[in-house]
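J.: Chain Y: place on chain D using the hints.
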Amino acid sequence: MLVSMINHAMVRLRSLLVREIRAFFQARGYLEVDTPKLAPSLIPEAHLEVFATELINPDHPCVPLFLIPSPEVWHKRLLAEGSGSIFEITHCFRNGEQIGPYHNPEFTMLEYYTVDADHLDSITITEALFTHLLDALTPEIAAMPGPGGRRSEQSRNAPPARDLTVGHRHLERLLPPFTRTSVRDSVLEHTGLDLDLLTDSESLRTAVRQLGLHVEDEESWADTFNRLFVDRVEPAIATDRPLILTDYPSGIPVLASEGNDPRYRNRWELYVNGVELANCYAEETDANAVAHFFAEQTAAKRDARVPHAVDPDYPHHFGPSFPRCSGVALGVDRLLMLLAGEINMSRVILFGMSGILSVSNYR
Amino acid sequence: MIRAGGIEKGMCLLIKGEPHAVAEREFVNPGKGSAFVRLKLKNLRTGLVLRETYKSNDNVETADVFDRDVQFLYSDGENFHCMDMESYEQFDVPMAGLEDKANYMKEGDTYTLVMWETTPIDIKIPLKMVFVVTEAAEGVKGDTVQGASKIVKVETGLEVKVPIFIKEGEKILVNTESGDYVERVNT
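As given, the protein sequences belong to chains D and Y, one line each in that order.
Residues 56 to 418, numbered by this note's numbering, are exactly what the first sequence covers, in order.
Residues 50 to 236, numbered by this note's numbering, are exactly what the second sequence covers, in order.
It is worth saying that the hints were derived from the structure and are not from the lab.
On a predicted model such as this, the values are computed, not experimentally measured, just so you know.
It is possible that part of the hints are untrue.
Said to hold, decoys possible - Residues from chain Y that keep clear of chain D, each with C-beta distances beyond 10 Å, as calculated:
(1) 123
(2) 136
(3) 146
(4) 169
(5) 197
(6) 229
Claimed, not checked - Some but not every residue of chain Y turned toward chain D, in silico, with C-beta under 10 Å:
(7) 85
(8) 87
(9) 102
(10) 143
(11) 177
Heads up, the beta-carbon is just placed ideally off N, CA and C, and yes, glycines get one too.
With the rest of the complex left out, here is chain Y:
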């Protein structure tokens, strides 16, 4: 429990049984009234935005949210199966709500799970990741209208727009937030 007046941006709160992150916090003193805290919160499971107002001496439940490093084993279409390589504990992370991350999940790579008590609620993807090009058409000569680029596929099924000189079997660095090609990786 925490007094609402002590809530800071970035804290995790348990509201109506759901973990929420504090996105915005504003203090308000109505004329001739006690102090209030206006919050904008983000549900950590659904991403939905919630607005709540508390009196600063109300007690609010905090959500115990922490990070845990795991290895991604495989996905079965419904869950990402992961394992903590120190304790060998396994976690099934439901893919619902995390579909956009599936193309960035590489078997055997290490990811950070966001845990709420014993339940995984999110997976953090590194900002930049290296992928192997598994399907690439030969560059078409004279095709300079689109800035001489083409679409290739990498081992996770992700499609990336790359310069025409990229060949099958080569490694590329991809920005996982935008899905954009960054550079060719020579190893």
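Bound-form chain D, shown alone:
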């Protein structure tokens, strides 16, 4: 017997969410862009596996193409050519990740770049986005039929929109302002280790081993840091209020600009319930720094299951003409989970991969 996999109320809520995200950015003068899902080359990122396909070119050699793991590769070219502030809601594809409550190989990303802004400005913009979304969507969510019956007496009596969060505590908790903590302070609080003093791989490995964690010899600073973060910090910050972790250590290679203290970068991540919801940089604008990142990550990707092409000229888009700007990548499916109070992504996306694989013959 066929069982319907479709939650119509959720399909509607997603549609409203996308509409309201558009309304928010359009009202603030951002240009919505529509960039390709297929790219001949990507920005190398050592920890990501991608999907590969090929363009069949009759009577000519085939051209390898890759599904984008993020639209960043296009957005930075647009910014370099003077697009001004832009945003896009697009599907992204990541291979080799375990399908689970927070992961689907194909997912929806909201990416927005604000010119003449830094990562701190992006916090203000992201908070304004949340305020807008909660104002616009709370009545809809309050009226949704769902587990535990969200349609309460209170919501039917229709007080002003914001007051509807009363009785919908999962929405109340998402209201800005968000708590801000630096990665250094958070690590110090939850592990007792001071990252200021642990800038080389050897001393970090020794300190993390002393806490009783498993550490491999010769692993990178970033790997050891992530062990510590995943084991001790992430579970400790797993509260249901949004938390902005700022100033990530420079030992984690990313395309964010260097902070006033060169040990840290101008980057933040937004966490809710210990789950990463958004990542933000004050963008790196120095061509040499971008070229260095490309070389380092290309080398680190030697063992990738799915190798992909890298455009050696890509770093040339950066330089004097590249605007000072800040970009945010936000997982729309995870945001929808938070708004709807769902704990599994398969409940908020249509035809999630775990569902379609288990009912098909392609297991």
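T.: What follows is chain Y alone, placed relative to chain D:
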């Protein structure tokens, strides 16, 4: 050895020289970092809970844990003495940590030993077992306040709360997890 990314719930791993069963497994991908596996493990000897985090391409040692059917011979207060009735191999299972199982060990009965390499680390008790009532007071008439029940002793020394109609010499079925009386067994 197994890659940490391949670890499943229920697997047995050798961690810090001790056999552990995987009770929970969760995949975590930190932003801009490689994949990690967060585990909740139970030490199979001590029962202590351990939490560990591995990178999914770390190698983790597996513990060779398997079941073996044995006959329980007797206990000397320190060890349960058991024998594999096919190979006649004898095993001394230390009672430390297994004290709560002593009342369910009946001489001559068959039990399943959980072995880690050559060392027995646990004994599995059947969920329901039949015991002979060895000591029972006569039911006191009019004692209905406690649902007309009384405490009896069975051949292993275990005390069980039973209905007042149960007499010395009768057989009863007992739930070994809760220690509760299930029913009278007529044979």
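J.: All hints are to be evaluated individually against the structure, with a verdict given for each.
T.: Structure-based check of each hint:
1. 123: With a cut-off of 10 Å, residue 123 of chain Y remains clear of chain D, as the shortest Cβ separation is near 41 Å.
2. 136: holds (38 Å)
3. 146: holds (23 Å)
4. 169: Given that every Cβ of chain D is farther than 10 Å from that of residue 169 of chain Y, nearest at about 28 Å, it holds.
5. 197: Given that every Cβ of chain D is farther than 10 Å from that of residue 197 of chain Y, nearest at about 43 Å, it holds.
6. 229: Check passes; 34 Å lies beyond 10 Å.
7. 85: Check passed: Cβ of residue 85 of chain Y comes within 5 Å of chain D, closer than 10 Å.
8. 87: holds (7 Å)
9. 102: Hint holds; residue 102 of chain Y Cβ to chain D Cβ min 4 Å, cut 10 Å.
10. 143: Not OK, violated: residue 143 of chain Y not within 10 Å of chain D, min 27 Å.
11. 177: Since chain D brings no Cβ nearer than about 36 Å to residue 177 of chain Y, farther than 10 Å, the hint is violated.
The structure fails to meet hints 10 and 11 from the earlier list, while all remaining hints are met.
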